[in-house]
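The listed protein sequences correspond, in order, to chains A and B.
For the record, in the first sequence the residue sitting at position 235 is 235 according to UniProt numbering, with numbers rising by one throughout.
For the record, in the second sequence the residue sitting at position 239 is 239 according to UniProt numbering, with numbers rising by one throughout.
Since the hints were made in silico from the structure, they are not lab data.
Backbone N, C-alpha and C fix where the C-beta goes; we use that ideal spot for every residue, glycine too.
Honestly, I wouldn't trust all of these hints.
Unchecked claim - Partial selection, computed: residues in chain A whose CB lies under 8 angstroms from chain B: (1) Phe-24; (2) Tyr-246; (3) Ile-252; (4) Thr-266.
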Amino acid sequence: MNRLNVELPGLKMKNPVMPASGCFGFGQEYAEFYDLSVLGAVAVKAATPETRRGNDTPRVAETESGMLNAIGLQNPGIDHILAHELPWLEKYDVPLLANIAGKTKEDYVLVAERISDATNVHALELNISCPNVKEEGLQFGSDPQMAAELTRAVKAVSSLPVYVKLSPNVTDIAGVAAAVEEAGADGLSMINTLMGMKIDIRTGNPILANKTGGLSGPAVKPVAIRMIYEVSQRVSIPIIGMGGIYSAEDIIEFFMAGASAVAVGTANFSDPFACPDLIKDLDRLLEEMEVSHISELTGRSWNKWEPNLSSSR
Amino acid sequence: MKKENLTVISQENLAPRIYRMKLKGESVRSMLTPGQFVHLKLGGRHPLLRRPISICDVEEDQLSIIYRVEGQGTSMLAEKKDGDTVDALGPLGEGFPITPSDDTALLIGGGVGIPPLYYLAKQLYDKGKRVKIILGFRRQEEMFLTEAFSRFGEVFVTTENGSCGTRGFVTDAIAKAGEFDVFYTCGPKPMLRAVEKAAGTNGYISLEERMGCGVGACLACVCDLKEAETDKSYVKACKDGPVFQAGEVVL
Ligand SMILES: Cc1cc2nc3c(=O)[nH]c(=O)nc-3n(C[C@H](O)[C@H](O)[C@H](O)COP(=O)(O)OP(=O)(O)OC[C@H]3O[C@@H](n4cnc5c(N)ncnc54)[C@H](O)[C@@H]3O)c2cc1C
Ligand SMILES: Cc1cc2nc3c(=O)[nH]c(=O)nc-3n(C[C@H](O)[C@H](O)[C@H](O)COP(=O)(O)O)c2cc1C
Ligand code: FES
C-alpha cells in the first residue's frame, strides 16, 4: 500500500520528502550514494541571472544542534545551469523545484522565464528569504507588498506553479503568506534559515567571514513548526515544510502543523543517506501509527489549541 | 566512497592532545590514495556535522588516523574505547598524485598536517623514490611520528622554540634538505603560503577548510583559483581537493 505519495501543484511526488535547496547542489554528489529517483522531488540550488562567487570563507560554523551558513548564493548562473546542470538530472524520474534568487524583480522574472523552458523543471520556488546577501532577496521577503508584486510578475511569465519561500526573519510571516497567496502563489516553502551569529571567544571575532549567517538544523525546528502552524491556518495553498528535519517523527510533526510535503536540508550533511533513510523510516512509522495515508495528517493539530500569536511578537 | 561503522581497535596518546586511532572495516580497503580523508560522525544532533580527518595509514582493512583534540568532536573521538564504532564516510577528496618523472620528493608537514604525509611517504618509498621529510612542531614535547618517518628517508625536524632540530618554521629547513624534484605539503594556511614561496611550483599542497557536507554539495569549502578558467573560478576543497597543485589556488 502506498501511504506516501502526495500531489502538490506541479509536483507529483512518490513520497513527501525532497532535499532542500542549497543542501543538495544539483544532485550529482548524492547520486554517487543512491538513486535519486527514490526521492519525492529535488529542490535544486538557487539560480541567479549571473555567476555568483558567494561570500568569503569561513562560510559555515557549527552551533548547538544547528549550523550557520553564509554561502552567499554561489551558483554558476542561469546559462550554465540550463546547459550543464539540469540536463544531467533528466535521467532521474523525479520532479524538480527550481529555486530562484536575484537582486531585482527583473532578475527573478528573467530566471523564471528561462528556467521554465527546462523540460525537467516542474515548479518554481522564489527565494525571497536568503539572509546572506546584502540588500537583496530579503527585502522582498519582509515586505508583503513587494513579495506580492514579485509573485505576480513571475506568474505572468511562467506557466509553472510558483512556490514562495518565506523568510522567518520577519515579524508577521502570516501577512507575507497571505499577500503572496492573494497574488497567485501556488504554494509556500517555509522556512528559510534564521539570521544568526557565532563568535570565536579566543579572538573575539565572529567565525563567519560574513559575520552573520543563516541558522539551520534541529535548533530551528520549533520555530518552523510554529510558523507553519500559524500560516497554514491562514492560507489555503499547500506548504512545503522544512527546518531541522532529522527523523521520521519530525516529518509527522511538520504535517500535523500543516505541511503537505517536507524538505530536508542540513541532515544531508550529517548523513548523505538522510533522505532515503527518512523515506523508509516514515513508511514504517506510519504503519506503526496506523495512518493509512500521510496526507491525512496535514493540519491535524489545527485549532486544538489557540495560541496567542499576537502577544508572542 | 562508502559509509561504514568502523570498529576501534586501538587508541594511543602520542603527544599532548595528539592521539593515534586504529579502525577496522571493509571500506578501508578502498582507501588507497594518500591525502584523501574520512568524514566522521560523532554526536547525534550535536555535534551535528561530520569531522574531516586525514587518512594516515592503511594496512588491508585497518585505518590509522592521527588527530589533535581541538573541541567537542575530537574530544568525543578521544573518548572512544576498543570495540566502539565510529561512523565513517570515505575515502573522500582527491589525494596526492605520484608523478613518475620526479625521483626525489620533499615532504613538508606542520602539526596535524603531518599524518597524511605518512601514507604518502610509504607509497613513494615503495615505488623506489628518494624521500626527504621536514616535520615542524611548536616544541619538542609535541613531536610525533618522527621515528616512523625515518624508515622512508631522511627526516629534518624544526621546532618553533628550538627545543629540537632547526629552530623556527619548516621553511627554515628547506635549504638544509637540499635538492628535490617535487614537494608535497600539508599544514596550516600561513605555512602553506610560506612553503609555496620557498619551494617553487613543482609541488602539491593540501588545504584545510571548514566543511559542511564533505562531498561537494554545500559550497562551504570553496577556494578561488589563481587563474580563472572560463567556466569555473573556484574549486571545492572537499571534492576537487584537499590536494591542489602548488600555485593553483589562492591561499
Ligand atoms: C581535509 C582535512 C583533513 C584534516 N585532517 C586532520 C587530521 O588528520 N588530524 C587532525 O587532528 N585534524 C585534521 N583536520 C582538522 C580537523 O578536522 C579539526 O581539527 C576538527 O574538525 C575539529 O573538530 P572539533 O569538534 O574537535 O573542534 P571544534 O572547534 O569544536 O569544531 C567546530 C567546527 O569547526 C570545524 N573545524 C575546526 N577546526 C578545523 C580545521 N582545522 N579544519 C577544518 N574544520 C575545522 C569543525 O569541523 C567543526 O565544524 C583536517 C581538516 C580537513 C579539512
Ligand atoms: C548550506 C546551505 C545553503 C542553502 N542555500 C539555499 C539556497 O540557495 N536557496 C534557498 O532557498 N535556501 C537555501 N538554504 C536553506 C535551506 O533550503 C532550508 O530552508 C534551511 O536550511 C532549513 O532546513 P534544514 O534545517 O533542514 O537545513 C540553504 C541552507 C544551507 C544550510
Ligand atoms: S564541504 Fe560541502 S562542498 Fe565542500
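Right, here's what the structure says about each hint:
no., hint, verdict
1, Phe-24, "holds, 6 angstroms"
2, Tyr-246, "holds, 6 angstroms"
3, Ile-252, "violated, 17 angstroms"
4, Thr-266, "holds, 7 angstroms"
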